[in-house]
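Protein chains in written order, with the working numbering: chain A, 1 to 130; chain B, 1 to 130; chain C, 1 to 130; chain D, 1 to 130.
For the record, the hints were derived by calculation from the structure and aren't laboratory data.
In this text the structure is predicted, and so the values were computed from the model without any measurement.
Among the hints, a few may not be true.
Treat identical chains as interchangeable: a pair holds within one or across any two.
What the hints assert, rightly or not - Okay, derived cross-link-like pairs now, DMTMM-like style, lysine to aspartate or glutamate, Cα gap no bigger than 20 Å in a straight line: (1) Lys89 to Asp20; (2) Lys69 to Asp58; (3) Lys115 to Glu70; (4) Lys19 to Asp122; (5) Lys40 to Glu30; (6) Lys115 to Asp58.
Number of protein chains: 4
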Amino acid sequence: MPKINRYVDISTVDREAKKDYIDRHSPFIECASTVKAGEKFAVTVRMGKEYTHPDDPDHYIRSISLFNKETLLAEATFAAGALGGAGQKGQAEVTFHVVPTGKQMELTAMSYCTKHGIWECDPVQVAVEE
Amino acid sequence: MPKINRYVDISTVDREAKKDYIDRHSPFIECASTVKAGEKFAVTVRMGKEYTHPDDPDHYIRSISLFNKETLLAEATFAAGALGGAGQKGQAEVTFHVVPTGKQMELTAMSYCTKHGIWECDPVQVAVEE
Amino acid sequence: MPKINRYVDISTVDREAKKDYIDRHSPFIECASTVKAGEKFAVTVRMGKEYTHPDDPDHYIRSISLFNKETLLAEATFAAGALGGAGQKGQAEVTFHVVPTGKQMELTAMSYCTKHGIWECDPVQVAVEE
Amino acid sequence: MPKINRYVDISTVDREAKKDYIDRHSPFIECASTVKAGEKFAVTVRMGKEYTHPDDPDHYIRSISLFNKETLLAEATFAAGALGGAGQKGQAEVTFHVVPTGKQMELTAMSYCTKHGIWECDPVQVAVEE
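Chain A on its own, in the form it takes in the complex (with noise of 0.2 Å):
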């Protein structure tokens, strides 16, 4: 059965492979810690903070969704090749422009390498402002 991985604090690890294998897979979340009920607001969720993950067609991100608690806001699939392609590696990466609702979201990203299966985030917490 898939595996949801998380991410670790990769200062809390000690072999450099497994550092860049975790941090690669991890997906990032950007956003402002407030934003305005009603007001359109930029999420971008990038691929690893300090390495890169290949973007070779048999190894690849294939995709980033975005939740809000337990609801899919939003989704990105990506094709192989979109970072450069075979031989090239890069930090995979969308934004998505979203209207917040409710008074605080919980935002967590899912990936999915065709390699190394699900990962996801810790949750992000976003006040919304009347």
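Since chain A is already given, all that's left is putting chains B, C and D on it; use the hints.
What follows is chains B, C and D alone, placed relative to chain A:
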């Protein structure tokens, strides 16, 4: 057979309702006209320039795809509600971050409205410099 | 962070409403237990065994994904209305046709309900014969 | 701008390579010509009738979508490898199970090959009986 609706310059259109209909269903691409080979760049696709589209559960913009010539680079799928939900209107928007290939990219966006089908923008030329 | 809901044998559940809730949100896999290497076979995934799910625009089964261990094989995405639309109920269903790889497949289905999130079935073992 | 390739009766085509090219990229719909209102029925879409398509990581059938007139009913996305993987060939295939609406459905399938773009079949008429 699903029609591929194409953008028509709305300044040539008389009826206000038709301007609105065409504009709010058309994907518009925003990106640099010249990019550097091997360097990730941002391609924003936004639905509508002057008008907004409903975000109702039974009538919303479900997806935006980005092509380079015949090749799909990435696709974003939205849930109804990502722009505020029932009764709200907005411009669905996504920013893809891709690495250029070749010497010239020809970007096109296709979108799908759950009531009014498939729409496509005019191709946008992007020069790729070494 | 989105919970991955897992099937619970509903014969062990007392409350009728809970049986219904669990069953109608759970993907069930139907396929041969032994297949031939290199020969395409059918894997049907159906939501619910004894109960049905709404197909309302704001509450429907949006997707069913099929995994072999950690690897995504295929995904089906449905539009609200594919099961009759507002006021109707049914069991979302898709049959994927895939070619087995390896000696043993471990199939899992994940599904997404627009109101009740992600659900996953127990893995199904499929022996692959030469 | 991505071309929508349409099926051409290959018995009218001379060159064997062109017959193969057209056939293996064309989605073919199989379903009953008359269905009962409110009753789920099966719609199989298979790529190619007489020829097979590669399932290589950089060249495979990525998706098959099913439309009723202008409306998307369902979409299947495949991973490279679902038909056996590198060096293998096959006919990507999915069976959607949908509930008819209206008195007459006009089904069309669109597919996407990662090397040869978008293809569409001729519409198939399905009568819906009370």
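Okay, the hints, checked on the actual structure:
Proximity of Lys89 to Asp20 under the C-alpha cut-off of 20 Å is restricted to the intra-copy arrangement: shortest distance 13 Å within a copy versus 35 Å between copies. Proximity of Lys69 to Asp58 under the C-alpha cut-off of 20 Å is restricted to the inter-copy arrangement: shortest distance 17 Å between copies versus 31 Å within a copy. In this assembly of identical chains, the alpha carbons of Lys115 and Glu70 lie at most 20 Å apart only when taken from different copies (8 Å versus 26 Å within one copy). With identical chains, the CA atoms of Lys19 and Asp122 are at most 20 Å apart within one copy only, with a shortest distance of 17 Å there and 31 Å across copies.
When the C-alpha separation of Lys40 and Glu30 is checked against a cutoff of 20 Å, the pair qualifies both within a copy, at 15 Å, and between copies, at 17 Å. Taking CA atoms no more than 20 Å apart as the test, Lys115 paired with Asp58 passes in both settings, with 8 Å inside one copy and 15 Å between copies.
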